[in-house]
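In case you want the letters, here they are:
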Amino acid sequence: MAVGHPVEGVAEIPEAASRRRWLAAVGEFCRRRPLGAIGAAVVLINIAVGLGADVIAPYDPLATDYGAMLARPSMAHWLGTDAFGRDVLSRIIFGSRTAMLVGFACAFLGATIGAVIGVASAYFAGKVDLLLQRVMDIFLAFPLIILALAVVSILGTGIVNVIVAIAIPMIPRAALVARSSALAIREMPYIDAARAAGFRHRRIILRHMLPNVMAPYLIMLTAYLGQAILAEASLTFLGLGVAEPTPAWGLMLRGAAVQFAESAPWMAIFPGLAISLAVFAFNLFGDSLRDALDPRLRAQ
Amino acid sequence: MTRYIIKRLLLMIPTLLGVAVLVFFLMRIVPGDIVELRFAGESVYASKENLDTERARLGLDQPVWRQFLGWMGGLVRLDFGTSMWTGAPIGEEIRLRFALSLQLAIMATIVAIALAIPLGVIAALRQDTWIDYVVRVLSIAGLATPSFWLGIVFILALLIVFKWLPPMVYTPFWVNPADNLAQLIWPALAVGYRYSAVATRMTRSAMLEVLREDYIRTARAKGLWEKLILSRHALKNAMLPVLTVIALEFAFLIGGLVVTEQVFNLNGLGLLFVEAVAHRDYTLTQALVMLVAFVFIFVNFLVDLAYAWIDPRIRFR
Amino acid sequence: MRRYRYSLVIASLVIAIGAVAPATPAMAQDKPRYGGELIFAVPSEPPSYDAHREETFGIIHPVAPHYNTLLRPDPTDKLAAKIVGDLAESWTISKDGRTYTFKLRHGVKFHDGSEMTSKDIKASYDKIIFPPPGVASDRKGEYLDVEAVQAPDPYTVVFRLKWPSGSFLMSLASPWNWIYKADILAKDMHWYETHVMGTGPFIFVEHVRGSHWVGKRNPNYWDKGKPYLDGYRAIFIRDSAAQVAAIRGERAHIQFRGFSPAERDSLVQALGSKITVQESPWDCVLLVAMNHEKKPFDDKRVRRALSLALDRYQGSQALSKIAIVKEVAGVQVPGTPFATPPAELEKLAGYGHDITKARAEARRLLKEAGVPDGFTFTFKNRGIPMPYEPVGVWLIDQWRQIGLNVKQDVVEAAKYFAELRGGNFEVAMDFQCGYIVEPDLDLYKFQSKERSPANYGRYTDAMLDDLYEKQSRAVDPEERKKYIREFERRLLDEETHYLYTLQWHRTIPHSSKVKGWTITPSHYLNNQLDTVWLTE
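Chains as they are written, first to last, in the numbering used here: chain A, 1 to 300; chain B, 1 to 317; chain C, 1 to 536.
Only chain A is shown next, with the shape it has when bound in the complex (with noise of 0.2 Å):
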């Protein structure tokens, strides 16, 4: 299957053929990986659930009754109320917004920098890289916390900064997986060759080396979404992350869900499963998507 090799002549094929050629691909996933197709259709699920949110929502998710404080799910409200009357079922269809915004920000800005940083080590080689590795190595190794907390300090909460402070500690570790693939191809004789015909550089890292680096850059992508979710998880429980009354999983897994965790479990048990869901999905895809896209790997 062509899907993990460097391609070469893909533009000269007609534009109908491709587009069967990945339905066809994308069917034979399916088929071959189920669980990662229940993963890619989770995720898909939550998108969509995020974009139409103001349709499927019940509730305005900031609007408090007082008198429906800690609610059971009920047929009123499926999941229940939280400790100011808000409907829970829609401050998690709400959230899944904020989740899924955070986590492709992060995991696009995050990976994508770093693989560029990382292909670009890779190719120029000598003392740019030696340079390029001594910085990624200091960022490294920071806690990735404690850059996040700084980060956060210094531009504030809200959610574009928490984007940046989530992509940052990513961007030294996809630079260290990129150069590594890239490494592998930058040995390879036909890049030399090409040097030596006079392409430019430019030419050669998109067309030669990238395509070597999109199978491990898409299994970072799908491993960084679900770790943002994350991140923005622990980062709202530490009061570093989005602020009140914006609806999000990690917010509102925050003070009142633990101290009304046993009189009223719903508040703390539904956000953990929709970030433990998404983050699952998230992973099962790339998970599969790994096997799939690395030759070794798939079975006879």
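Hints are computed from structural coordinates only; laboratory data are not their basis.
Don't take every hint at face value.
[Said to hold, decoys possible] Here are the simulated distance ranges between beta carbons: (1) A:Met188 <-> B:Leu305: 25 to 31 Å; (2) B:Leu17 <-> C:Glu469: 28 to 34 Å; (3) C:Ala343 <-> A:Gly52: 29 to 35 Å; (4) B:Leu158 <-> A:Ile38: 30 to 36 Å; (5) A:Leu131 <-> B:Ala306: 23 to 29 Å; (6) B:Leu69 <-> C:Pro132: 29 to 35 Å; (7) B:Ala306 <-> C:Lys321: 56 to 62 Å; (8) A:Gly52 <-> B:Leu9: 55 to 61 Å; (9) C:Gly374 <-> B:Met12: 53 to 59 Å.
[Said to hold, decoys possible] Which chain B residues face chain C? A few, computed with CB under 7 Å, are given here: (10) Arg28; (11) Gly32; (12) Ser47; (13) Ile113; (14) Arg126; (15) Ile155; (16) Asn265.
[As the list claims (entries may be wrong)] Under the rule of at most 30 Å between Cα atoms (straight-line distance), these lysine-lysine pairs were calculated in the BS3-like manner: (17) B:Lys48 <-> C:Lys187; (18) C:Lys470 <-> B:Lys48; (19) C:Lys470 <-> C:Lys482; (20) C:Lys347 <-> C:Lys274; (21) C:Lys515 <-> B:Lys163; (22) B:Lys163 <-> C:Lys321; (23) C:Lys300 <-> C:Lys407.
The beta-carbon is built from N, C-alpha and C at its ideal position, and this holds for glycine as well.
Go by the hints and put chains B and C onto chain A.
Below, chains B and C without anything else, positioned relative to chain A:
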């Protein structure tokens, strides 16, 4: 080999230097200072005069470059100074917490390895069967659960079901091993489970690669047992990426278990870190970052050595 | 003339009370049992060991048992209004109210065996009131009325004031004014930041950083027969769920700050009669500071609208179920001598019972001031789960009802104080916690920014300052009440400089084995542990 070791050791220095510079300036960019926090806390009378007195005492009124030189000078002599918040020597602040964090990291690693290696091997040997699926699902579940949620559930379960709570105060292992383990086994399990998820997947994929080798495939004809025996030899090579992952994560365990420590009430480095940053305690934060960075870099160094020892080609590059 | 005669009456009353103190707490039926180690959870660790320069209860709870103060509130008084002598045996006040003379107890020993005399009192108070250069004293501003402290003989201390002050005696009962040893202070003013040497009922044993603090019984304590406990152990537990677990798992007896209603209920449900609950209004309140230097909060109509939008009575009912706040209050804790009764309180803006009318008025005021519907501003709050978060959510929700779209910015502590002091905010959560209910302490903050460093609203109001002075110098309680009411009216109604949210409510569920400890409106008080004993 010695030249390789020396080269790696020398490379550690610029990294550590970089970390030192970065943390110094990072802390001073972050807004707010320790004196404001200390006195503006709950007092209505704190005047500028008070604040300035204290700043002078902590050396914060000096120009930044002089503070930096003082810090670097102290670093070279391994003198980290005293905590700006409590006035106690840094060594005293860190000592006990480091012991706890180290022990927890080691215990979690043991739990992780004990789970990861057998599970990963089995999953690889039985790829794409229901056993494989179960192992993969379990390990991903470990990655997906927020650790603080798990911790809260643990504690509640212990209280409600067994009506027992782990000891809340840390006793070092050599003083009272029973109390020590009674406290640390629970967070070790919670952390180890999560940690094992990463290692299991790595083991599985490494094992799968090993199984692709020709001589293993021919052994398949002779039966599973043969395959296993032959695999063990190749496994040594395959364990390298697993080792890398475990080592990298170990370094993270030393300073990064903030939420776990909060939930289980552990007096470890993670919470100390968070407090030091929250208090803008420059000396303590700087010392902690240097410590964690050193552990990380040193562990990396050991892993590099292991690689070089196993794969001679690397030494001569 | 009348004023002096009145002072004489007060003075003789005070002497009479002073001579009787300290009364042995009247334990109902049980006779105190000797022995046992009290274990309690402390949410915060002491930064240094010197209370003269600290602000946090984290130093009071574990370290106060090692020290005595000159006076203290009666440990059996639930309102903490009665003052009794600690190291002082008796005292007299001069006719003009400007000289306070204290007779000290004999035979009080420091933990190193040396005797406590008046020079120790003088040295400690000189450190607080007239700190030498290089020494920071947080509470210097509380004693601006003190001219000098004298020690004419080893068992007499004299305080000379610049003007008579009704609250001076209370200020000497401050739980922060520990009495240190003069000889040590003479050698090194900073010694007490890292060492402990006092006259208190417990001797310092060890402090393991981040973990615990241990004290043991002082066998030579001056109050013969006390303390009852063999010792105590303070365990530092940051997370409140972990604190609750500690008491529930019977690894700690008590936590001296306070728990939320949910936490109390879970403990009562789990342990039944093994838990005793004590409750009290708390001398702490969350305030809303509006930056008078930022539009549109310079317009008092806008500020008034923000107060009118709050349904305090509904908030009290709802929030008291989930947070540590409860009573609707003005500038004084309800139930204390100078508190405004509810009938008077409801005349102030935001304290009425007709919320629809109030909110309609608020909308009208906003429109008049030119604030459009859907106006957005940022509310800065601290990231503390209890009660900052729930009150923050409530405030934003209430302001939404008058068409204001409020974004919350949660700022971590160090940055928060920097921004508050620097005026870098529009509207922010502020707070006030006192160690004793006393208008001089509770109203100080609201004076003009030139006088009060803690006036984060950044306003100047000469009338308010004048009223503060008047109430502080007033000797007749009725006259004082009048000035305090006027102050309150101007602060909360006429100018609406600051908003009061709801008064905190202190709930201490503790092991029933703990006896001899009475809750007070302040978590800074009653922590010497000399009256505490354990059953069984």
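To see whether the hints hold, each was checked on the structure:
For the pair A:Met188 and B:Leu305, the supplied restraint of 25 to 31 Å holds, since their beta-carbon distance comes to about 28 Å. Between B:Leu17 and C:Glu469 the CB atoms are about 59 Å apart, so this pair departs from the stated range of 28 to 34 Å. Distance hint check for C:Ala343 and A:Gly52: the Cβ-Cβ separation is about 53 Å, which falls outside the suggested range of 29 to 35 Å. Checking the proposed 30 to 36 Å range against B:Leu158 and A:Ile38 shows it holds: the Cβ atoms sit about 33 Å from each other.
Look at A:Leu131 against B:Ala306: about 26 Å separates their beta carbons, and that is inside 23 to 29 Å. B:Leu69 and C:Pro132 have their C-beta atoms about 30 Å apart, which keeps the hinted 29 to 35 Å range intact. The hinted window of 56 to 62 Å between B:Ala306 and C:Lys321 holds, with their beta carbons roughly 58 Å apart. With their beta carbons about 57 Å apart, A:Gly52 and B:Leu9 fall inside the hinted range of 55 to 61 Å.
Range check, C:Gly374 to B:Met12: about 57 Å between beta-carbon atoms, so the 53 to 59 Å window is met. Look at B:Arg28: its Cβ only gets to about 12 Å from chain C, farther than 7 Å, so that hint breaks. The beta carbon of B:Gly32 is positioned within 7 Å of a beta carbon in chain C (closest approach about 3 Å), and the interface hint is therefore held. Residue-level restraint check for B:Ser47 holds (minimum Cβ-Cβ distance to chain C is 6 Å; threshold 7 Å).
Interface hint at B:Ile113: violated, since its Cβ lies 29 Å from the closest Cβ of chain C, which is beyond the 7 Å cut-off. Checking B:Arg126 against chain C by beta carbon gives a least distance of about 41 Å; that is not within 7 Å, so the hint is violated. A cut of 7 Å between beta carbons decides the hint on B:Ile155: the least distance to chain C is about 6 Å, and the hint holds. For B:Asn265, the suggested interface contact is upheld, since its CB lies about 4 Å from the closest CB of chain C, less than 7 Å.
Of the supplied pair hints, the one linking B:Lys48 and C:Lys187 holds, its CA atoms being roughly 27 Å apart against a limit of 30 Å. At most 30 Å may separate the alpha-carbon atoms for a hinted pair to count; C:Lys470 and B:Lys48 meet this at roughly 27 Å. The suggested pairing of C:Lys470 with C:Lys482 holds, with an alpha-carbon distance near 10 Å, which does not exceed 30 Å. For a cut-off of 30 Å, the pair hint linking C:Lys347 to C:Lys274 is broken: about 45 Å separates their Cα positions.
With a C-alpha separation of about 25 Å, the suggested pair C:Lys515 and B:Lys163 falls inside the 30 Å cut-off, and the hint holds. For the suggested pair B:Lys163 and C:Lys321, the alpha carbons sit about 27 Å apart, so the restraint of at most 30 Å is met. With a C-alpha separation of about 21 Å, the suggested pairing of C:Lys300 with C:Lys407 holds against the 30 Å cut-off.
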